[in-house]
Structures are given as C-alpha cells and as structure tokens.
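Kindly produce the complete structure, drawing on both the sequences and the hints.
Protein chains in written order, with my numbering: chain A, 23 to 366; chain B, 23 to 366; chain C, 23 to 366.
Hint data in this document are derived by calculation from the structure and do not stem from the laboratory. A quick note: this is a predicted structure, and the numbers were derived from the prediction, not measured. Keep in mind that a hint or two might mislead.
[As the list claims (entries may be wrong)] Simulated crosslink set (DMTMM-like; lysine to aspartate or glutamate; CA at most 25 Å straight-line):
hint: 1; chain 1: C; residue 1: Lys235; chain 2: B; residue 2: Asp197
hint: 2; chain 1: C; residue 1: Lys360; chain 2: A; residue 2: Glu70
hint: 3; chain 1: C; residue 1: Lys360; chain 2: C; residue 2: Glu347
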Amino acid sequence: FSLTVQAQTDISKLPRITQELVNPPMLPKHDQVSTGQKVVQVRMVIEEKKMIIDDLGTEVWAFAYNGSVPGPMIVAHQGDYIELTLVNKSKNSMVHNIDFHASTGALGGGALTDIAPGEEVVLRFKATKSGVFVYHCAPGGIMIPWHVIHGMSGAITVLPKEGLSDGKGNKLTYDRAYYIGEQDYYIPKDENGNYKKYATPAAGMADELEVMKTLTPTHIVFNGKVGALTGKNALKAKVGETVLILHAQANRDTRPHLIGGHGDYVWERGSFANAPKVDLETWFIAGGSAGAALYTFKQPGIYAYVNHNLIEAVLKGATAHFDVEGKWNDDLMTQVVKPRPIQQ
Amino acid sequence: FSLTVQAQTDISKLPRITQELVNPPMLPKHDQVSTGQKVVQVRMVIEEKKMIIDDLGTEVWAFAYNGSVPGPMIVAHQGDYIELTLVNKSKNSMVHNIDFHASTGALGGGALTDIAPGEEVVLRFKATKSGVFVYHCAPGGIMIPWHVIHGMSGAITVLPKEGLSDGKGNKLTYDRAYYIGEQDYYIPKDENGNYKKYATPAAGMADELEVMKTLTPTHIVFNGKVGALTGKNALKAKVGETVLILHAQANRDTRPHLIGGHGDYVWERGSFANAPKVDLETWFIAGGSAGAALYTFKQPGIYAYVNHNLIEAVLKGATAHFDVEGKWNDDLMTQVVKPRPIQQ
Amino acid sequence: FSLTVQAQTDISKLPRITQELVNPPMLPKHDQVSTGQKVVQVRMVIEEKKMIIDDLGTEVWAFAYNGSVPGPMIVAHQGDYIELTLVNKSKNSMVHNIDFHASTGALGGGALTDIAPGEEVVLRFKATKSGVFVYHCAPGGIMIPWHVIHGMSGAITVLPKEGLSDGKGNKLTYDRAYYIGEQDYYIPKDENGNYKKYATPAAGMADELEVMKTLTPTHIVFNGKVGALTGKNALKAKVGETVLILHAQANRDTRPHLIGGHGDYVWERGSFANAPKVDLETWFIAGGSAGAALYTFKQPGIYAYVNHNLIEAVLKGATAHFDVEGKWNDDLMTQVVKPRPIQQ
Ligand SMILES: [Cu+2]
Ligand SMILES: [Cu+2]
Ligand SMILES: [Cu+2]
Ligand SMILES: [Cu+2]
Ligand SMILES: [Cu+2]
Ligand SMILES: [Cu+2]
Ligand SMILES: [Mg+2]
Ligand SMILES: [Mg+2]
Ligand SMILES: [Mg+2]
Ligand SMILES: [Mg+2]
Ligand SMILES: [Mg+2]
Ligand SMILES: [Mg+2]
Ligand SMILES: [Mg+2]
Ligand SMILES: [Mg+2]
Ligand SMILES: [Mg+2]
Chain A
23 FSLTVQAQTD
33 ISKLPRITQE
43 LVNPPMLPKH
53 DQVSTGQKVV
63 QVRMVIEEKK
73 MIIDDLGTEV
83 WAFAYNGSVP
93 GPMIVAHQGD
103 YIELTLVNKS
113 KNSMVHNIDF
123 HASTGALGGG
133 ALTDIAPGEE
143 VVLRFKATKS
153 GVFVYHCAPG
163 GIMIPWHVIH
173 GMSGAITVLP
183 KEGLSDGKGN
193 KLTYDRAYYI
203 GEQDYYIPKD
213 ENGNYKKYAT
223 PAAGMADELE
233 VMKTLTPTHI
243 VFNGKVGALT
253 GKNALKAKVG
263 ETVLILHAQA
273 NRDTRPHLIG
283 GHGDYVWERG
293 SFANAPKVDL
303 ETWFIAGGSA
313 GAALYTFKQP
323 GIYAYVNHNL
333 IEAVLKGATA
343 HFDVEGKWND
353 DLMTQVVKPR
363 PIQQ
Chain B
23 FSLTVQAQTD
33 ISKLPRITQE
43 LVNPPMLPKH
53 DQVSTGQKVV
63 QVRMVIEEKK
73 MIIDDLGTEV
83 WAFAYNGSVP
93 GPMIVAHQGD
103 YIELTLVNKS
113 KNSMVHNIDF
123 HASTGALGGG
133 ALTDIAPGEE
143 VVLRFKATKS
153 GVFVYHCAPG
163 GIMIPWHVIH
173 GMSGAITVLP
183 KEGLSDGKGN
193 KLTYDRAYYI
203 GEQDYYIPKD
213 ENGNYKKYAT
223 PAAGMADELE
233 VMKTLTPTHI
243 VFNGKVGALT
253 GKNALKAKVG
263 ETVLILHAQA
273 NRDTRPHLIG
283 GHGDYVWERG
293 SFANAPKVDL
303 ETWFIAGGSA
313 GAALYTFKQP
323 GIYAYVNHNL
333 IEAVLKGATA
343 HFDVEGKWND
353 DLMTQVVKPR
363 PIQQ
Chain C
23 FSLTVQAQTD
33 ISKLPRITQE
43 LVNPPMLPKH
53 DQVSTGQKVV
63 QVRMVIEEKK
73 MIIDDLGTEV
83 WAFAYNGSVP
93 GPMIVAHQGD
103 YIELTLVNKS
113 KNSMVHNIDF
123 HASTGALGGG
133 ALTDIAPGEE
143 VVLRFKATKS
153 GVFVYHCAPG
163 GIMIPWHVIH
173 GMSGAITVLP
183 KEGLSDGKGN
193 KLTYDRAYYI
203 GEQDYYIPKD
213 ENGNYKKYAT
223 PAAGMADELE
233 VMKTLTPTHI
243 VFNGKVGALT
253 GKNALKAKVG
263 ETVLILHAQA
273 NRDTRPHLIG
283 GHGDYVWERG
293 SFANAPKVDL
303 ETWFIAGGSA
313 GAALYTFKQP
323 GIYAYVNHNL
333 IEAVLKGATA
343 HFDVEGKWND
353 DLMTQVVKPR
363 PIQQ
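Written out as structure tokens, the structure reads:
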C-alpha cells in the first residue's frame with residue numbers, strides 16, 4: 023500500500039524553529055501561511071500546584087502543562103514536525119504523559135511519554151492533518167479522566183500551509199487569535215456543603231471519583247478559573263478586526279456563543295480540511311475536541327462569550343468577555359425609544 | 023475598513039409592515055420569498071404568570087413573551103429591520119429585557135432593553151444573517167439562566183430573500199410551518215418529594231438555583247407543558263405536504279427525531295446560509311440555538327416527534343405528535359404477516 | 023402529487039436473499055456495491071435474559087434482539103426492501119416490537135409489530151434513504167425508554183447503490199467493518215450502595231425509572247458490557263487497511279474518538295447522502311442515531327476507541343480496543359529521547 027513507497031522526509035535537513043510557548047489565551051508568534059516545512063521545537067514543564075478556581079477560594083490541585091490551565095497553545099502548519107521536550111518537575115508526585123489528538127500512533131504519544139517526577143522525554147510527531155486539536159495527559163485507566171479533570175489538557179493548531187480558507191477558494195485571515203480552554207472540575211464537598219481541600223493530589227482522588235461519576239461538574243470554567251477572562255481580563259478587539267477564537271474542551275461537550283455577535287466562519291469539529299459553516303448563532307464542540315470560529319466585530323462594547331447552557335455559563339463559570347473598541351453602527355441596532363412608561 | 027464606507031440604508035424610506043404575532047406552534051403570516059426590504063414592526067408584552075406544566079398540576083411562574091412559552095415566532099427576510107416594542111406589564115415583578123441571537127451588538131439588544139414593570143422600550147436591529155435564531159431574556163448574572171428556565175425565550179426566522187434552497191441551486195418551499203420551543207424546567211421538591219409551589223416568582227429562586235446546579239431538569243417539554251402538542255393538540259399535515267419544523271432550545275442540547283419519518287433537509291445550526299444536510303434520522307440542536315428541518319410526509323398516521331433521548335421524551339415530557347391524513351403506501355411499508363403464533 | 027403516480031415496484035419479481043445475521047461487532051456478509059435491487063430477508067428472535075455487564079457481577083435483564091446487545095447489524099442497499107420476521111420467544115414476559123429509523127410510516131414499523139410472547143410478525147419496508155440507522159423497541163409510553171435502556175436496540179446499514187463516496191466523485195471502500203453499539207444502563211442500588219438484582223424484568227421497573235430520571239447512567243458500555251471489545255476481545259486490523267466503524271447510540275449522545283488515530287472520513291449523522299467530514303479528532307453521535315467513520319491505519323499497536331467524555335469511557339465503561347499489526351513508521355512519530363533525568 024502507498025505508505026511504504028512514500029519517500030520519507032530527511033528530517034535532519036529541515037529548518038528548526040524553537041517556539042516560545044505563552045500563557046493562554048494568547049498564541050505563540052506564528053505565520054498564518056507556511057514559509058516551508060519545518061520542525062517546531064517546544065518544551066513544556068508539568069507542574070502540580072494548588073490553584074484557586076472561584077471567588078469562594080475553592081482549591082484544585084492543577085496538573086498544569088507549563089503551569090497553566092489549559093496548557094499552552096502550540097502552532098504549526100500541516101506537514102510540519104512537532105518536537106516536544108516534556109518535563110515532569112522533580113517536586114511533582116505523579117507519572118504524567120501526553121496524548122496528542124493531532125498525532126498518529128502509540129496512543130497519540132501517550133505510550134512513549136510516561137515520565138516520573140524528575141524525568142523528561144522527547145517526542146516527535148508529524149502534523150499530518152490540519153485543524154485545532156486537543157492534547158491531554160493519559161497515564162492509563164482511571165488516571166486518564168482524573169488527570170484531565172485536574173486541568174491537564176491543552177491544544178495545538180495545525181494551520182493549512184496556505185492558511186485558512188472558506189472552502190470556496192477564498193482565503194481567510196485573522197487580526198487576532200485567542201485560545202479558550204474550557205475545564206470541568208468535580209470538587210467534593212464536606213458534610214457542611216463546603217468544598218474540601220486536600221494536602222496532596224492523591225488525597226482527593228477517592229472523593230473526586232465519586233463526584234466524577236455523577237457526570238455533573240461543580241465548576242465549568244474558561245482558562246482555569248471563574249473570571250479568568252472577564253472584567254479587567256477581558257479579551258480585546260476593535261471594530262473591523264477579525265478574531266480567531268479557538269475553543270478546546272478535553273472532556274465534556276460545550277456550545278460556544280458570542281452574545282451580540284456570531285460565528286462568521288466556524289469549524290465546529292476543528293478540522294480545517296472541511297469548509298467552515300457560516301453565520302452561526304451558537305456552535306457545538308464535542309467533548310474531547312477543539313474547534314475554531316472567526317468573527318469580524320461590527321459593533322463596539324462588551325460581548326460575553328459563553329457556553330450557552332446558561333446554567334453552565336453563569337452558575338458554573340463558563341463565561342469570558344470581549345471588550346471591543348470602535349464606533350457604534352446605528353444601522354445594525356438602535357434604541358429607537360428609551361425605556362418609558364407603557365403607552366396606550 | 024469597509025463597514026464605515028458602506029452606504030447606510032435610509033430606513034425612513036422603507037415600507038413598514040406590522041406583523042401580528044401568533045401563539046406557537048404557528049408562525050405569523052409571511053412570504054417565503056421577499057417582496058423587498060422592509061421594516062417588520064412587532065410588539066411583545068411580557069407577562070409573569072402561573073402555568074401548569076404537567077398532569078400532576080405542577081406549577082411554574084412563566085416569564086412569557088406575549089403570554090406564551092416559548093415566546094412568539096417572528097418572521098422576516100435577510101436584510102430587513104426588526105422594530106420591536108417590548109412591554110413589561112405593570113403587574114409584573116421583575117426587570118426583563120431581550121437578547122436576539124439574530125442581531126449584532128449591545129449583548130444582542132440586552133443592554134438597550136432593560137425595562138421595569140410598567141415600562142416599554144423600542145429596539146430596532148437589522149437581520150443581517152439568515153436562519154432561525156433564539157431570542158431570550160438576559161437581565162444579567164444569575165438572572166440570565168433563571169429567567170430562561172422560567173420559559174423566557176422564543177425565536178425569529180430570517181428567511182433568505184429568495185427563500186430556502188438546498189445549496190445546489192434548487193429552491194425549497196413548504197406547505198406548512200410549525201414552531202416548537204423546547205423548555206427545560208427545574209422544579210424544587212419538598213421533603214415529601216412533591217413539587218413545590220411559590221406565591222411569587224422571587225420566592226422560588228433560591229430553591230430553584232439549587233436544582234439548576236444539578237444540570238438535571240425535572241421537566242423537558244415542548245411549547246410550555248407536557249402534552250401541549252399531543253393528542254387533540256397534534257400538529258396536522260397531509261401526505262405529500264412539505265412541513266418546515268423549527269425547533270428552538272434556548273438552554274440545553276436536544277436531538278429531534280420524527281418517529282416514522284426523517285429530516286429530508288436539515289439546517290442543524292439554523293443558519294440558512296449553509297447547505298442543509300439531507301436524509302437524517304435524528305438531528306442535533308445545540309443548547310442556545312434553533313434549527314430547522316423540512317420533511318415531505320409520505321405516509322398517513324400519527325407520528326411522534328421527540329427529543330430522542332427517550333428518557334427526556336417520555337419521562338420528562340419532550341414529545342409532540344403529527345397527525346397526517348392520506349393514503350397508505352404499501353410499497354414503503356407493509357405488514358406482510360400479522361402477529362401469529364411462532365411458526366417452525 | 024408525485025408519490026401516487028410513481029410506478030410501484032413489483033416486489034414479487036425481485037430476487038430475495040436471506041441474510042444470516044451475526045453477532046456484533048461483526049457485520050453480515052455483504053457487497054459494498056449493489057448487484058441490483060433485492061429483498062433482504064432477515065429473522066430476529068427477541069430474548070429476555072440476564073446479562074452480567076461489569077467486573078462486579080452487576081446484572082441487567084437484557085431485552086436482546088437475537089440475543090445480543092446491541093441487536094445484530096442488518097446490511098442492505100438503497101432501494102432494497104427489508105423483510106423482517108420478528109419473533110418474541112415464548113418464555114419472554116413482555117410485549118415487544120421494532121421501530122426502524124430507516125423506514126417510513128407507522129412509527130417506523132412500531133405500530134405494526136407489537137407481538138406478545140409466543141408470537142411472530144413479518145414486516146417489510148423499503149430502504150429509501152442511505153445511511154446507518156438505529157432500530158429499537160418502542161412499545162409505547164414509558165415502555166419505550168425502559169426497553170431501550172435494557173439493551174433493546176440495533177442498527178441497519180443502507181449503503182448507496184454504488185457504495186460509499188467522499189462526496190467529490192471518489193469512491194471509498196473498506197477492508198473491514200466493525201459495529202459498536204453504545205448502551206447506557208441505569209442500575210438501582212440498595213441501601214448499602216450495591217447494585218440490585220431482580221428476579222424478573224418487571225420487578226426492577228419502578229426502581230429503574232427513578233434512576234433513569236436522573237439522566238445519569240451507572241454504566242455506559244460498548245456491545246453490552248464493560249470489556250466486550252477490549253483486551254483479548256480487541257478489534258483486529260492491519261496497517262494500511264481501511265476500517266469502517268459504525269457506532270450506534272439509541273438513547274444518549276456520544277463522542278467517539280480513536281486514541282492515536284483519526285476519522286479520515288466521518289458521517290456524523292449517519293446519512294451517506296451527505297459528503298463525509300474529513301480528518302476529525304473526535305466526532306459526535308446524537309442520542310437516537312448511528313454514525314460512521316472510515317480510518318486507514320498508519321501505525322501498529324493498541325488503539326483505544328472511546329466515548330471521549332473520559333469519565334464515560336473509563337469510569338462508566340465506554341472503551342474498545344483496536345489491535346493493529348504492521349510496521350511502525352518513525353516519520354509519523356518517534357521517541358527521540360527516552361525518559362531520562364531532567365537535563366539543564
Ligand atoms: Cu498527568
Ligand atoms: Cu483524547
Ligand atoms: Cu426576564
Ligand atoms: Cu443567548
Ligand atoms: Cu421491547
Ligand atoms: Cu427512535
Ligand atoms: Mg493521524
Ligand atoms: Mg502509559
Ligand atoms: Mg479539533
Ligand atoms: Mg451579527
Ligand atoms: Mg442589563
Ligand atoms: Mg439557529
Ligand atoms: Mg423515510
Ligand atoms: Mg404499540
Ligand atoms: Mg444514522
């Protein structure tokens with residue numbers, strides 16, 4: 023069959039770039055159109071650390087790729103190689119690894135990357151498919167969901183070599199790109215109904231498995247904690263700018279909606295090889311995947327970007343804000359008559 | 023950028039029509055193909071009222087646009103302006119507003135339409151995108167999900183100027199159109215397991231928020247209550263007729279299925295700018311959106327139209343009926359042998 | 023209208039084949055391309071029997087078409103007639119029937135196939151739409167979800183006459199096909215937290231309805247029980263082979279993912295009349311439907327195939343394995359550096 027006769031790339035001859043990973047919701051510096059096949063070198067350090075996830079001071083032991091929940095976004099182009107050095111800090115307590123949905127074989131790399139605290143490993147894979155893809159820890163058995171619901175996931179964007187397109191021959195570009203990782207947490211409560219805290223990650227495990235079995239998260243948040251992307255942390259844009267919004271959910275379905283805006287172009291399942299859907303009010307990301315939406319802002323103001331199960335958005339935490347500068351367009355919307363006493 | 027140089031329509035020169043809103047599952051009188059850009063004037067009166075939602079006499083305080091759950095369907099064409107007078111009855115107890123997923127800016131109009139009991143406001147927006155879109159109350163914070171799960175949502179259909187098409191150059195028309203709003207309720211129980219009743223909407227809020235946090239509705243119904251569209255309330259059609267079914271769910275995912283029929287053409291995310299999917303057994307509406315399906319009935323009889331999580335359909339209430347007249351087609355289905363004792 | 027003038031096929035002149043149904047995950051012998059319109063004769067015997075569904079010895083009364091959960095896969099081509107003899111074993115205790123999502127009219131056949139223990143019935147329907155479609159028992163009212171969550175569903179694949187295609191004029195063929203039925207169970211617990219066992223199916227009903235109302239399954243499994251398709255029961259394939267994976271879920275949404283692989287071509291809603299999506303990390307099957315994915319294996323090894331709500335995969339049971347033989351391709355993935363102490 024064809025794979026065996028295909029000439030293998032001489033990877034040692036390819037240019038190598040070191041991609042400096044940055045904290046979500048930002049993406050690392052990247053080209054929208056490829057300048058040629060390359061090896062993208064990245065380094066991620068796994069950190070187990072306590073994180074406060076809401077205004078009540080609720081704690082979670084975050085298992086955090088590069089210290090953030092979600093882990094950092096990697097960006098490459100289709101056909102590139104990703105070469106990851108994965109480091110498990112010595113002070114950590116658990117074996118971790120990484121499973122890239124963008125990769126092929128060995129459980130997405132999970133079978134080749136188990137590392138104990140104090141170890142590192144180097145994995146290389148070819149990004150054969152374009153799209154935005156989840157990565158997450160998958161150390162086997164019940165450790166898989168348990169690590170993932172401790173925040174241990176992130177995403178990689180594999181752009182088509184020529185950049186994004188509408189599937190009808192027209193290029194699509196963006197002025198800004200933001201990356202939102204949605205996280206479901208399952209925090210046990212004590213007999214008084216207060217969220218429990220644990221001295222070590224392992225101490226919480228038995229309790230947490232019971233909450234997980236209810237399939238009902240206590241928290242559903244964007245970028246690690248309630249309010250990580252609201253108020254003064256709002257995402258910025260300007261009227262007329264086109265913004266790419268990458269949304270990853272490693273475990274549970276979600277339905278993004280931009281209040282007051284739309285998805286002009288939406289890749290719901292995240293693969294850029296499919297023509298995007300257009301003009302969506304709400305889109306749907308299947309648990310265990312990442313999707314992308316492109317929107318050109320037409321009005322200034324604050325936009326909420328939510329998981330439009332409104333209970334999940336407001337009572338569980340899945341809300342972000344966009345703060346958009348520019349000139350109001352009365353043609354699109356006008357308050358014709360201000361609130362006044364009922365007439366007639 | 024382009025928006026600012028675009029000539030603005032002189033709205034004062036456009037024809038105005040007053041659309042008489044009707045109760046679901048019906049749509050207001052409308053043209054399938056646009057006769058020209060226009061201003062569609064509508065008036066909706068918000069009513070807070072007790073509603074019985076099941077055969078046990080369970081009560082909910084409905085926050086009802088125009089007195090119905092869901093609120094009435096508005097119909098326009100792409101490029102039209104919608105001019106809504108929204109009225110909050112004097113006898114109501116709460117501030118309400120409206121967020122149109124079809125609109126652009128100001129939280130979908132929510133930021134411009136907060137009205138106290140006894141007030142009215144007039145909002146105008148341009149329907150720039152075609153599709154069927156949810157509208158709902160969004161008065162801020164926990165009030166957003168709390169008002170929505172009290173039935174405070176509806177939908178607007180923005181038809182393409184030339185009407186619907188299959189995305190391959192063929193027009194699609196319908197003989198009838200029905201509008202189904204699916205509603206999830208979260209009714210608290212007392213210590214005996216009986217559903218609680220509250221003298222005022224506010225009295226139930228604390229209890230209801232606790233039920234909402236379980237993400238498990240006690241009721242999931244079509245058009246406000248169990249049985250609103252079954253039995254003598256069944257939706258009518260004839261063999262050979264093509265029926266457009268608009269299905270809105272402002273909060274929670276659903277998966278419509280017509281038992282004994284199909285979705286011949288389905289716009290799952292509701293945007294008519296995308297080619298419809300064809301020949302579906304079941305389709306999927308993301309929470310916070312509305313979708314559309316077109317079916318030409320081929321057999322007479324009773325069809326159940328359900329949310330095909332069958333527990334949600336039968337134990338929670340999400341079932342409607344179609345009652346279809348016409349001549350049975352043995353070619354499509356025949357009972358070759360009636361029930362008889364097992365042979366051989 | 024057109025239906026009545028359409029010439030009816032003289033079914034008595036068509037060739038008849040008797041399709042020997044086989045146990046899941048296998049498909050009956052079939053042609054990928056039709057050799058001509060035909061009548062496909064099948065016989066299914068309904069069996070009520072106790073089944074162990076996990077390693078704890080948890081029991082369910084399976085209502086099993088042909089003795090398996092899910093019921094057997096039927097395969098036909100678009101335009102064929104399916105003629106089913108449905109048999110309700112004399113030792114059973116309940117009325118059963120069958121509702122084919124692939125059929126048209128009479129509640130999918132449910133209204134024509136109610137049979138008591140000791141009875142049989144023969145139903146014929148025309149497979150007018152291509153795709154993979156669920157069938158299930160639907161004896162009315164609360165019996166519908168209650169029978170379905172006792173395992174009483176299966177699927178039929180209706181291939182296009184010319185076989186599968188990518189929607190761009192290219193044929194798609196498969197070397198192997200596997201059929202996975204995902205089943206949600208709702209097993210009551212006693213006061214000690216142990217799963218209850220019941221002497222008869224009816225004895226469990228009241229308890230089970232209470233668990234069902236939580237919308238939270240205690241088990242979510244592939245092919246009837248935890249581990250039915252893992253370890254020594256893993257699905258086999260070879261590098262270079264193209265495998266068609268048919269996934270049915272009669273009641274509850276699911277999100278299939280092949281760990282270490284992809285969906286090269288995916289029909290998420292199961293209808294082959296739509297062009298497949300390509301290159302998906304995860305896909306989404308709406309509750310009450312069946313979908314299909316095609317993947318050409320590129321690497322050897324064990325692949326887990328999961329419902330990628332990882333809690334559902336690992337804590338509830340929705341995991342299968344593929345065991346793939348062949349030669350490892352270092353170009354796609356390499357462990358560049360084995361785990362070693364952290365450098366620098
Ligand atoms: Cu880990
Ligand atoms: Cu995964
Ligand atoms: Cu309100
Ligand atoms: Cu909304
Ligand atoms: Cu049955
Ligand atoms: Cu069904
Ligand atoms: Mg791959
Ligand atoms: Mg391992
Ligand atoms: Mg993706
Ligand atoms: Mg807009
Ligand atoms: Mg407000
Ligand atoms: Mg819509
Ligand atoms: Mg049909
Ligand atoms: Mg019946
Ligand atoms: Mg299907």
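Here's how the hints hold up against the structure:
This hinted pair does not check out: Lys235(C) and Asp197(B) have alpha carbons roughly 38 Å apart, beyond 25 Å. For the proposed pair Lys360(C) and Glu70(A), the alpha carbon gap of about 22 Å is at most 25 Å, so the pair holds. Among the hinted pairs, Lys360(C) with Glu347(C) is consistent with the structure: their alpha-carbon atoms are about 23 Å apart, no more than 25 Å.
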